[in-house]
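These protein sequence lines map, in sequence, to chains A and B.
All letters in the first sequence, in the order written, are residues 1 to 181 by this note's numbering.
All letters in the second sequence, in the order written, are residues 1001 to 1330 by this note's numbering.
Simulated from the structure, these hints should not be mistaken for laboratory data.
Please read all numbers here as calculations on a predicted model, not as lab measurements.
Glycine included, every Cβ here is placed at the ideal spot set by N, Cα and C.
Check before you lean on any hint, since a few could be wrong.
Unchecked claim - Quick list of the computed label-pair ranges, beta carbon to beta carbon:
hint: 1; chain 1: B; residue 1: K1327; chain 2: A; residue 2: P168; range: 24 to 34 Å
hint: 2; chain 1: B; residue 1: R1263; chain 2: A; residue 2: P162; range: 55 to 65 Å
hint: 3; chain 1: A; residue 1: S2; chain 2: B; residue 2: P1098; range: 32 to 42 Å
To be verified - Subject to a maximum C-alpha distance of 30 Å in a straight line, what follows is the list of computed BS3-like cross-link-like pairs (lysine-lysine):
hint: 4; chain 1: B; residue 1: K1327; chain 2: A; residue 2: K167
hint: 5; chain 1: B; residue 1: K1029; chain 2: B; residue 2: K1281
hint: 6; chain 1: A; residue 1: K167; chain 2: B; residue 2: K1281
hint: 7; chain 1: B; residue 1: K1255; chain 2: B; residue 2: K1240
hint: 8; chain 1: B; residue 1: K1030; chain 2: B; residue 2: K1327
hint: 9; chain 1: A; residue 1: K167; chain 2: B; residue 2: K1312
hint: 10; chain 1: B; residue 1: K1299; chain 2: B; residue 2: K1240
hint: 11; chain 1: B; residue 1: K1312; chain 2: B; residue 2: K1003
hint: 12; chain 1: B; residue 1: K1327; chain 2: B; residue 2: K1299
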Amino acid sequence: MSDPVSRLVATAQGDAVDNPFRVTGVMMQYYYVCERELWFESRNIEIDRENASVARGTRVDESSYGERSQENLRLGMIALDLLEDGRVVEVKPSSTLTEPARMQLSYYLWYFDRVLGVEREGVLAHPTERRREDVSLDDDRCDKVESAIRGIHAIVTADSPPEATEKPYCESCAYHDFCWV
Amino acid sequence: MDKNYHIFSDGRIERSEDTVRLETDDGEKKHIPVEHAEAIYLHGQIDYNTRLMSFLNDHGVAVHVFGWNDRYAGSLMPERGQTSGRTVVEQVRAYDDPEQRQSLAASFVRGSIHNMRTNVTYYNSREYELGGVIEELDNATARIDDASDISELMGVEATARRAYYQTFEAVLPDSFAFDGREYNPPPNPVNALISFGNSMVYANCVSAIRATALDPTISYLHEPGERRYSLSLDIADLFKPVLTDRLLFRLVNRKQISRDDFRDEVGSCLLNEEGRTTFLKEFEETLERTVEHPTLNRKVSYQYLLRLEVYKLKKHLLTGESYDSFKRWW
Ligand code: SF4
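Okay, chain A solo, but in the shape it has when bound (with noise of 0.2 Å):
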């Protein structure tokens, strides 16, 4: 079983797998806003930046948890920002970086039907701005979610990262001296 997606569907449904995987919702947002962060990241390699201005460090964990991260509903890989009238809804503090909380919200539409065999509508939020945005898993986002599972097991197994490209939040993110030195 070489394929990343059936291995993550063994894996999260418990069955013994030679070579477990995994992809948590953060992962696929990563993947999303910087392929070598997701590298950086999936080797725990730390940085510490100490430029007070920037030191955001947690771009991507902190808008996805918030300050609500005790509250978060634990299933297996993903942790869900929370369940509302059975609907999936992910909370983003602000509507910058849309397509990785989509696909992040895609991925758990996603894992509740093919892992948890249920199926579930999903909504993106930004309460902060009174916005709301319906998320469902028709066959075309089913695809790219499976993709992104695919590139994402790519990158995470090879031995050296993308490399880096220039993007409006290299300034804010935790690797860019690391990066661009």
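Assemble the complex: chain A is given as a structure, and chain B with the ligand must be docked to it using the hints.
Okay, now just chain B with the ligand, sitting in the frame of chain A:
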């Protein structure tokens, strides 16, 4: 970047509420604010206890201890960020792979010679005739790629350094004769200044290395175990011309340091307390100087350049991306 604090007097330091208190044997009391401390340098006889150590550990503050003759005696390093098994494994792998070790060592030598050369060029363009030294340094650089092992590289570096020291003879006044580099103990003022300055560069490199989870004992140009923290020797060589030598020339030529700032003993010469204070004040100011970084697109302090150098090495070890040593660009 945070500050270094130097303590010359004898006495004791202890935790006092949320700060560190120094009480000297003369009854003087002082506070050292830990939030802004990178490291505390102990030059005198100082007592401390474990309560202080864990307090400094919590705040990520290192302590560097200097003993008799200003010699570096050791460091008490904060634990934070210093454990990364993978990093150490990769560090050892690179050491064990002759090709990779050679290329890292070569890069250190190339950078050191480049930075010596920058100093020589600076004085050559002024009133001194140093064309011969520049030529010798260029010849040494040309031999780096042909060196077949580490000891040959060491030889290239030593030749370059010997040539470089002619600059000291030329630039410094006659009252500060140099007569070649001698170490323990330094026989004259210039050697005393070099030794003192270089041990400060070395200790600052120890701090920078420990902040990045690299193991300071695994090195490439110097043989591991040559000194306790041999990786610090590799990194420090790159920065000595920038941090120690230029400062030394300036202090002596502007007469901020004079013959009176030294105490002579049989066969040795050391900075006295006043001399050390003057030197360190200027040294710390140099560390705080900033320069526009060509790829980070912001100003960084000289002290942060040390940290960046270790980042570069760590990046090379963990990602396989090439390492290019620090070469003064301004
Ligand atoms: S600095 Fe830019 S390229 Fe590097 S990890 Fe961060 S976001 Fe990615």
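- Query: Looking at the structure, which of the earlier hints fail to hold?
  - Reply: 6, 8
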